[in-house]
Amino acid sequence: MEKTVKLFSSNFSRRLVPLSHGNVFSEFSQMSAKHNAVNLGQGFPSFPPPSFLSTCLETAAKSTSNFQYTRPLGHPELCKAIASIHSPLLVRDIDPMTQVSVFNGAQEAIYCIFSALTNPGDEIVIVEPSFDCYGKSAEMLELKIKTVAMKEKRSNNKSETRSAKNWKIDMNDLENSLNNKTRILLINTPNSPIGKVLSKEELIEISNVVKKYPNLVVLSDEVYEFMTYDSEPHIRIATLDNMFERTITLSSAGKTFSATGWRVGYAIAPTNITDAIGKVMSAISFCAPTILQAAIALALKQAKEESYFEKHSAAMCARRDLLLKGLRDAGMSPVVPQGGYFVWCDFPNIKELNSMTSDAEKCRWLIREAGVCGIPGSAFYVNKNETMSIRFAFCKNESEIETARTKLFEMMKRQQSAL
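Just so we're aligned: 143 in our numbering is position 66 of the sequence shown, and the numbers increase by one with no gaps anywhere.
FYI, nobody ran anything at the bench for these hints, they're computed from the structure.
Where hints are given, some of them may not hold.
Pairs of lysine to aspartate or glutamate residues, derived as EDC-like cross-links and limited to a Cα-Cα distance of at most 16 Å, are as follows [claimed, not checked]: (1) LYS428 x GLU438; (2) LYS242 x GLU229; (3) LYS228 x GLU279.
Label-pair restraints from in silico Cβ distances [unchecked claim]: (4) GLU387 x GLN145: 33 to 41 Å; (5) GLU219 x GLU382: 18 to 26 Å; (6) PHE486 x ASN249: 37 to 45 Å; (7) SER90 x SER142: 32 to 40 Å; (8) SER432 x SER476: 28 to 36 Å; (9) GLU438 x GLU219: 27 to 35 Å; (10) ASN426 x ASP247: 27 to 35 Å; (11) ASN249 x PHE89: 56 to 64 Å; (12) GLU487 x ALA360: 50 to 58 Å.
We put the CB at the ideal spot given by N, CA and C, even for glycine.
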C-alpha cells in the first residue's frame with residue numbers, strides 16, 4: 078500500500094503567498110448559488126455567442142491538421158486574420174508572423190509578458206482599480222508593484238449623473254511612480270471595473286510621461302476594445318507618435334465573441350518583444366489550442382463581413398442601460414461606463430448598507446437580502462483598499478438583468494417600509 082506523505086507549507090514555493098487569500102470571484106459565486114441569487118458578479122456572458130462562431134468551429138474541425146500542435150506564436154491563419162483586423166486600427170501594417178502572438182487567454186499573456194520583460198525585484202506600475210490578475214502575476218514573479226489610482230472628479234451637484242469619463246489619472250502621481258527601474262506600465266482601456274475609456278488627450282499625456290524613460294514598456298490591456306458606448310471612440314496608445322515601438326496591445330477573442338471559456342487571447346507588439354514573449358509561451362504551454370485558433374481566424378473574417386463588432390457593442394449598450402435603470406430605481410448611485418462589461422456602484426440611499434464597514438459585507442448582505450450578487454470593489458485594488466463600492470456585470474441575458482432589477486427594487490421597498 079502506498080504511503081501518503083503530508084507536505085508542510087515549508088515544502089511549497091513562496092510564489093503561492095499571493096494566492097493564499099482565496100479567490101473573491103469563487104467565494105461570491107458560491108454564495109450566490111447557495112442563495113439562488115442573480116449572479117452579476119463574474120464577467121462571463123450568460124447569452125450565447127454569435128451563431129457563426131459554432132459554424133466556424135465546425136469548419137475548423139474538418140481539417141485534420143487542426144487537431145495537432147501549431148506554432149507557438151499562433152496559428153498562421155489566425156495571426157493573418159488578427160493583422161488584417163488590427164492593421165487599420167493601429168494605423169500601420171502589422172506583420173502577422175513576427176508581431177502577433179497568441180495565448181491561452183489574455184491572462185496567460187500577462188504572465189508571459191511579465192516573465193519575458195522583467196527580473197525579480199524589477200518595478201511595474203499598475204493603474205487601478207484593475208483586474209486582480211495583474212497584481213497576482215507580478216507578485217508570483219517577485220516584482221515590486223507600484224500603483225496609480227484613478228480618482229473620480231465629482232461636481233458639487235450630487236444629482237448629476239456619474240460617468241466613468243470623470244475618473245482621471247493624476248499625471249503627477251503617474252510621474253512620481255516611475256523611475257529608471259520601472260519596466261512596465263500597465264493600463265486598461267476600456268477599464269474593468271470602472272468602464273473608463275481613456276481619451277486621446279489622456280493617452281497623449283501618459284505617452285509624454287512614458288517617453289522620459291527609455292526602458293519602459295506600456296502593456297495596454299484592451300480586451301474590451303470592441304465594446305464602447307455612446308459613440309465613445311476607442312483610441313489605442315500604440316497609434317501615438319513613437320509609441321508602437323514600446324507598446325504591447327493585448328486583446329481577447331473570448332471577450333470579443335462572448336466565449337470566455339475558449340481562452341484565446343493575443344498580443345500585438347514590436348518584433349523583438351513578440352519574439353521574447355513567444356519564447357516564454359512556448360516553454361509554458363507551447364501553443365493555444367489549434368482548432369480554436371483556426372475557428373477564431375474564420376470568425377474574425379465573418380465578424381467584419383457581418384458588422385458584428387458594431388452590432389455587439391449596440392446590444393451590450395442596451396444591457397448596460399437596462400442595469401443602470403434598475404440600479405437607479407433601487408436608490409443606488411451607479412457610474413455610467415463608457416465601455417466594457419461592468420457598472421461600479423455606490424449606495425447612498427440604503428441605510429442598512431451605509432452602516433457597514435466593508436464592501437465585502439455589503440456584497441454578502443445583498444446576496445442574502447436582495448438575491449443579487451456583485452463583487453466588492455476592494456478586489457480591484459492591489460492592496461485591497463476598502464472602496465465601499467460594488468461592481469456589477471451586465472454581460473448577461475436581459476431576463477437576468479430584469480430579474481435583478483426587480484429584486485433590487487423590492488429590497489429598496491422593504492427598506493423604506495422598515496423606516
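Each hint tested on the structure:
1. LYS428 x GLU438: holds (14 Å)
2. LYS242 x GLU229: holds (9 Å)
3. LYS228 x GLU279: holds (14 Å)
4. GLU387 x GLN145: 33 to 41 Å: Holds - the Cβ-Cβ distance for GLU387 and GLN145, about 36 Å, lies within 33 to 41 Å.
5. GLU219 x GLU382: 18 to 26 Å: For GLU219 and GLU382 the Cβ distance comes to about 46 Å; the hint is violated.
6. PHE486 x ASN249: 37 to 45 Å: holds (43 Å)
7. SER90 x SER142: 32 to 40 Å: At roughly 38 Å between Cβ atoms, SER142 and SER90 fall inside 32 to 40 Å, so the hint holds.
8. SER432 x SER476: 28 to 36 Å: Roughly 33 Å apart at Cβ, these two residues keep to the hinted range, so it holds.
9. GLU438 x GLU219: 27 to 35 Å: holds (33 Å)
10. ASN426 x ASP247: 27 to 35 Å: Hint holds: Cβ distance 30 Å, inside 27 to 35 Å.
11. ASN249 x PHE89: 56 to 64 Å: Violated, since ASN249 and PHE89 (Cβ atoms, about 41 Å apart) do not stay within the stated range.
12. GLU487 x ALA360: 50 to 58 Å: The hinted range 50 to 58 Å holds for GLU487 and ALA360, with Cβ atoms some 53 Å apart.
The earlier numbered hints that this structure contradicts are 5 and 11.
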